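Put chain P on the given structure of chain H with help from the hints.
2 protein chains.
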Amino acid sequence: MYIELKHESEVPLYLQIKNFLKEQILSGSLPPGSRLPSTRSLAQRLGVARITVQEAYDELIAEGLLSAHVGRGTFVQGPSGEPPLPTPPSEPPWEVSPSRLSTRAILRDMLRMAASRDILSFAAGVPAPEFFPVDGLRRAINRVLRREGVSALQYDVPEGLLPLRQSISRYLVDVGIVATPETILITSGTQQAIDLVARTLVEPGDAVVLESPTYIGAIDAFEARGAKILAVPVDEEGMCLQTLKLLLIRYRPRLIYTIPTFHSPRGGSMSLERRRQLLALAREHAVLILEDDAYSELYYQESPPPPLRALDTSGYVIYLGGFSKTLFAGLRIGYMVVPHGLRERLMYAKQTADLHTSSLIQWAVNEFIQREGIHTHLRRIRVACRERRDAMARSMERHFPPGVAWTLPQGGLYLWAKLPREVNAFEVFFQGLARGVAIAPGPAFFPDRSGEEYIRLNFSLHPPERIEEGIRKLGETIQFLLERARRARPKLQRVPVPIL
Amino acid sequence: MYIELKHESEVPLYLQIKNFLKEQILSGSLPPGSRLPSTRSLAQRLGVARITVQEAYDELIAEGLLSAHVGRGTFVQGPSGEPPLPTPPSEPPWEVSPSRLSTRAILRDMLRMAASRDILSFAAGVPAPEFFPVDGLRRAINRVLRREGVSALQYDVPEGLLPLRQSISRYLVDVGIVATPETILITSGTQQAIDLVARTLVEPGDAVVLESPTYIGAIDAFEARGAKILAVPVDEEGMCLQTLKLLLIRYRPRLIYTIPTFHSPRGGSMSLERRRQLLALAREHAVLILEDDAYSELYYQESPPPPLRALDTSGYVIYLGGFSKTLFAGLRIGYMVVPHGLRERLMYAKQTADLHTSSLIQWAVNEFIQREGIHTHLRRIRVACRERRDAMARSMERHFPPGVAWTLPQGGLYLWAKLPREVNAFEVFFQGLARGVAIAPGPAFFPDRSGEEYIRLNFSLHPPERIEEGIRKLGETIQFLLERARRARPKLQRVPVPIL
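So the sequences go chain by chain: H and P. So in the numbering used here, spot 222 of the first sequence is number 222, and the numbers just go up one at a time. So in the numbering used here, spot 17 of the second sequence is number 17, and the numbers just go up one at a time.
Don't read these hints as lab results, they were simulated from the structure. Treat the hints with care, as some may be off.
Said to hold, decoys possible - In the DMTMM-like style, the derived pairs of lysine to aspartate or glutamate whose C-alpha atoms are separated by at most 25 angstroms in a straight line are:
#, chain 1, residue 1, chain 2, residue 2
1, H, K245, P, E95
2, H, K6, P, E302
3, H, K6, P, E236
4, H, K418, H, D390
5, P, K228, P, E452
6, P, K22, H, E302
7, P, K6, H, D174
8, P, K6, H, E223
9, H, K22, P, E387
10, P, K6, H, E237
11, P, K228, H, E344
12, P, K228, H, E203
13, H, K228, P, D206
14, P, K22, H, D174
15, H, K245, H, D448
16, P, K245, H, E91
17, H, K22, P, E273
18, H, K228, P, E344
19, H, K6, P, E273
20, P, K6, H, E302
21, P, K418, P, E387
22, H, K22, P, E302
23, H, K228, P, E203
24, P, K6, H, E273
25, P, K228, H, E95
26, P, K228, H, E223
27, H, K228, P, E95
28, H, K228, H, D206
29, P, K245, H, E95
30, H, K228, P, E223
31, H, K22, H, D58
32, H, K6, P, D174
33, H, K245, P, E91
34, P, K22, H, D448
35, P, K228, H, D206
36, H, K418, H, E469
37, H, K6, P, E237
Said to hold, decoys possible - Some residues of chain H that are not near chain P, with every Cβ distance over 10 angstroms (derived):
#, residue
38, E10
39, A62
40, Q77
Quick caveat, the model's predicted, so the values are computed rather than measured. In this text, a Cβ means the ideal position worked out from N, Cα and C, and glycines have one as well.
Pulled out of the complex, with its shape left as it was, chain H reads as follows (with noise of 0.2 angstroms):
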């Protein structure tokens, strides 16, 4: 609202306030259920006192032209005098969402059911929460702030905190992996940087490789820019090579994402073997591999084999770490090692995706990792979460119907469970919601939106009673969908499942 009060005039201020306003109200420029601004930020914003505001605004009350609500504002009166709503502007027609968003929403509404209070949610993928260090946090942010002032605050360079690199570095030589700060760039998330590597080095049409069950948001990034997927399956040692050497030569792909380390939604992980066979495939094809590495701290028997960049030789692995699975999930950091010559185009599409990353929050972890200690929490998470995942197998044992398979896996943060023929993810998925328990649908995970067969169950979230009372929920639902099925057998009929 800009009123121009003229100070020599001879006319009040406050009748040249109410003036303009009718004016505005009568000519429909604030058509009915406009909120006004509070008489003190109006007062504020022209320079006059609050008294002069409230006189205008009193006189219009007056008029019937504006109506006050105690604790909602005061707003421009409609015509039939009922208390008004405020109105946004009329819109005009805008085309029609593309069906490919789909996918997005469901991950979209299982981070929703993940934050509400009413479900139980196996949906979500994050650690034990009551284990994230919230003091040592906060002991951190005070500390940079205290001591770096504002300058924790200003702005910083798009491939992120010096010091922070450096740490970084220091971290990664404990698993093998030799990154000067210079090649590591600072991410808001591992989401960030797929996302980066999409839209720097895959150009719409292009073709690439993600393995078929994969994380979802690597399907919506790389779906986002347009690229040609290529879906190469997951077994017991990882991705098939042979599928995956067609794929390559058929359609010489600008890139091939894999989860190697406790694979998400699968639970596995690559063999040591089968990682020196896909880096040796990839150098032959002259084609760049995308590890995403966030679960390999995660491990609850020994630790798991190297990550593909520390046994390349031949430069052509990104690296994709984090600390939304260990240490903090809404924080939003996470890093990438990337390949000198590939720096300065990902450092500019970081430029121009959000100019850096948090200063602050890079200062905090920095501080955390350096003064705080990650080992030690580390430690503490990895045995929560191992209890936790065998907790969930005893309970599956226990109240999972015959049928349903699984595999216990030896680290990360996901039970991946193949469902008895007769029963269908999406069916567990409503069934499920519906007495109060989420799970993650299969078809979620795969770029063709097949895997109906498969649910994926996070166990890290909750204790072990309430995964208990989840499970035995669960059970109860697969179960009602056995016998369900089984007295609808003799039809043989396909139960409708919605679109994805």
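Using the frame of chain H, we list chain P on its own:
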């Protein structure tokens, strides 16, 4: 490094470790120069005593296969015995970066210079940092972490924290914008908002209208998207609508990006009349307006005309706001008010880009708005920035040679100056750097890289005495260039300019 220890074996553990490493070294899997994990971290990882790892290392050192360097670590020894350096993997050849990265390179360099302590920089776009409310933010974060605990660190929904969207909705009423929390999306700064709009609503090859000059980050985002950029000149009242109208008819662009209030880099504001006409044109041609309102709170005389979104009755305006220019540059929090029909698509784009903006930062900013209040702070910033604007103008009067022209801006952070005909902005940039002072050269802000007669000076970052010092140096720089040009004038020689 993946070592499978056999605890039941008769071979002692240290020997198993040693043998494994030896095999790796001799086979070339651990090439000369590789840095080994510290004994402590490897021991931790293998679940053995540190002395066990130390024994393995010691034997390998004795055999000449490893060498220990105090403070640097333990390395695989090269054949020649010289102290080795870590060698990153050799790299395949990558394609050469396209030349359109260069604009982005300028912005990056500007940000770098702003961060460097050796250069007195007028190139950046940051408000007076001494007035950043560091203590208020620290209090806000402490309160949030104590009260919300781990939920302030959890995953959030892509559209952003509901309480923050509610706070922004209330705040917007004061600037005349009616926006329900549902139509507000939180982004990681305005840059991300522009980028999300570009990737969602603009297809490669689509035309978009930018002002000329304009915000460099907007040029980046639309160029990165592969848009065809149409440039409309700006006069004292804003965008030239006659040019705009012809472009709308000729090219049917997808959207018009504008900074109507305290334009960057020019400093002026679009008149109320021009705003109404622009909205009428947009409605007539059914084209979206992307309104970047980063600076409107930084007014030094009367408050500016209302934002386009406040005047819009037809739903064609996407409004971008943020706190980078007023509260905290590096926190990376912005927001967009979107037409309801575009909300879902923009939200999915945000999810694909980085899932959501840092939860903790969102909680902290909301807490700050609600409890610390931003109006007091904004008043303080305005007083400081006005003082600095005036100090810079006075210094320019005193130290700049005649022939440099500028208008005192009524708000924002920049003085936009036109150089004498003989002097080029790039020369001022490089000669200024040599004297320890940085400016932003005009061509950074023109989509067609013209504008070599302009420089942009940020007046808010430094206190008045520093401004005086920097402007004196700049005056000397311009004077030097002027004299050099006049000496060379008989030849009418053009000074070579770096290719942008």
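Evaluation of the provided hints:
1. Taking the CA atoms of K245/H and E95/P, the gap is about 24 angstroms. The hint holds against a cut of 25 angstroms.
2. Using a Cα cut-off of 25 angstroms, the hinted pair K6/H and E302/P holds, with the two alpha carbons roughly 12 angstroms apart.
3. Restraint check: the Cα-Cα separation between K6/H and E236/P comes to about 23 angstroms, which is no more than 25 angstroms; the hinted pair holds.
4. With a C-alpha separation of about 18 angstroms, the suggested pair K418/H and D390/H falls inside the 25 angstroms cut-off, and the hint holds.
5. For the suggested pair K228/P and E452/P, the alpha carbons sit about 23 angstroms apart, so the restraint of at most 25 angstroms is met.
6. For the proposed pair K22/P and E302/H, the alpha carbon gap of about 21 angstroms is at most 25 angstroms, so the pair holds.
7. Proximity of K6/P to D174/H is assessed by CA-CA distance (about 21 angstroms); at most 25 angstroms being required, the pair is judged to hold.
8. For the given pair, K6/P sits about 45 angstroms from E223/H by alpha-carbon distance, which is inconsistent with the 25 angstroms threshold.
9. Restraint check for K22/H and E387/P: not satisfied, since their Cα atoms lie roughly 37 angstroms apart, outside the 25 angstroms limit.
10. A hinted pair counts as satisfied when its Cα atoms are at most 25 angstroms apart, and K6/P with E237/H qualifies at roughly 22 angstroms.
11. As the CA atoms of K228/P and E344/H are separated by approximately 24 angstroms, the hinted pair is consistent with the 25 angstroms bound.
12. For the proposed pair K228/P and E203/H, the alpha carbon gap of about 17 angstroms is at most 25 angstroms, so the pair holds.
13. Between K228/H and D206/P the CA atoms are separated by roughly 22 angstroms; this keeps the pair inside 25 angstroms, and the hint holds.
14. Simply put, K22/P and D174/H have alpha-carbon atoms about 18 angstroms apart, close enough for the 25 angstroms limit, and the pair holds.
15. For the given pair, K245/H sits about 20 angstroms from D448/H by alpha-carbon distance, which is consistent with the 25 angstroms threshold.
16. Between K245/P and E91/H the CA atoms are separated by roughly 22 angstroms; this keeps the pair inside 25 angstroms, and the hint holds.
17. Restraint check for K22/H and E273/P: the C-alpha separation of about 20 angstroms stays at or below 25 angstroms, so the hint holds.
18. Distance check on the hinted pair: K228/H and E344/P sit about 24 angstroms apart at the alpha-carbon level, within 25 angstroms; holds.
19. The straight-line distance between the Cα atoms of K6/H and E273/P is roughly 19 angstroms, inside the 25 angstroms bound, and the hint therefore holds.
20. With a C-alpha separation of about 11 angstroms, the suggested pairing of K6/P with E302/H holds against the 25 angstroms cut-off.
21. As the CA atoms of K418/P and E387/P are separated by approximately 22 angstroms, the hinted pair is consistent with the 25 angstroms bound.
22. About 22 angstroms separates the Cα atoms of K22/H and E302/P, which keeps this hinted pair within 25 angstroms; it holds.
23. Pair hint K228/H plus E203/P holds up; C-alpha atoms about 17 angstroms apart against a cutoff of 25 angstroms.
24. A C-alpha spacing of about 19 angstroms is found between K6/P and E273/H, which places the hinted pair at or below 25 angstroms, so the restraint holds.
25. For the hint pairing K228/P with E95/H, the CA-to-CA distance comes to about 21 angstroms; that is within 25 angstroms, so the pair holds.
26. Between the alpha carbons of K228/P and E223/H the distance comes to roughly 23 angstroms, so the proposed pair stays at or under 25 angstroms and holds.
27. A distance of roughly 21 angstroms separates the Cα atoms of K228/H and E95/P; the hinted pair therefore holds under the 25 angstroms criterion.
28. Of the pairs offered as hints, the one joining K228/H and D206/H holds, with about 6 angstroms between alpha carbons and a cut-off of 25 angstroms not exceeded.
29. The hinted pair formed by K245/P and E95/H meets the criterion: a straight-line CA distance of about 24 angstroms does not exceed 25 angstroms.
30. At most 25 angstroms may separate the alpha-carbon atoms for a hinted pair to count; K228/H and E223/P meet this at roughly 23 angstroms.
31. In summary, the hint linking K22/H to D58/H is supported, as the alpha carbons are separated by about 12 angstroms, within the 25 angstroms threshold.
32. In summary, the hint linking K6/H to D174/P is supported, as the alpha carbons are separated by about 21 angstroms, within the 25 angstroms threshold.
33. About 22 angstroms separates the Cα atoms of K245/H and E91/P, which keeps this hinted pair within 25 angstroms; it holds.
34. At most 25 angstroms may separate the alpha-carbon atoms for a hinted pair to count; K22/P and D448/H exceed this at roughly 46 angstroms.
35. Among the hinted pairs, K228/P with D206/H is consistent with the structure: their alpha-carbon atoms are about 22 angstroms apart, no more than 25 angstroms.
36. With a C-alpha separation of about 20 angstroms, the suggested pair K418/H and E469/H falls inside the 25 angstroms cut-off, and the hint holds.
37. Restraint check: the Cα-Cα separation between K6/H and E237/P comes to about 22 angstroms, which is no more than 25 angstroms; the hinted pair holds.
38. With a minimum CB-CB distance of about 21 angstroms to chain P, E10/H clears the 10 angstroms threshold, and the non-interface call stands.
39. Every Cβ of chain P is farther than 10 angstroms from the Cβ of A62/H; the closest lies at roughly 23 angstroms, confirming the non-interface assignment.
40. In this structure Q77/H is separated from chain P by more than 10 angstroms, as the shortest Cβ-Cβ distance comes to about 15 angstroms.
The structure does not agree with the numbered hints 8, 9 and 34 stated previously, though it agrees with the rest.
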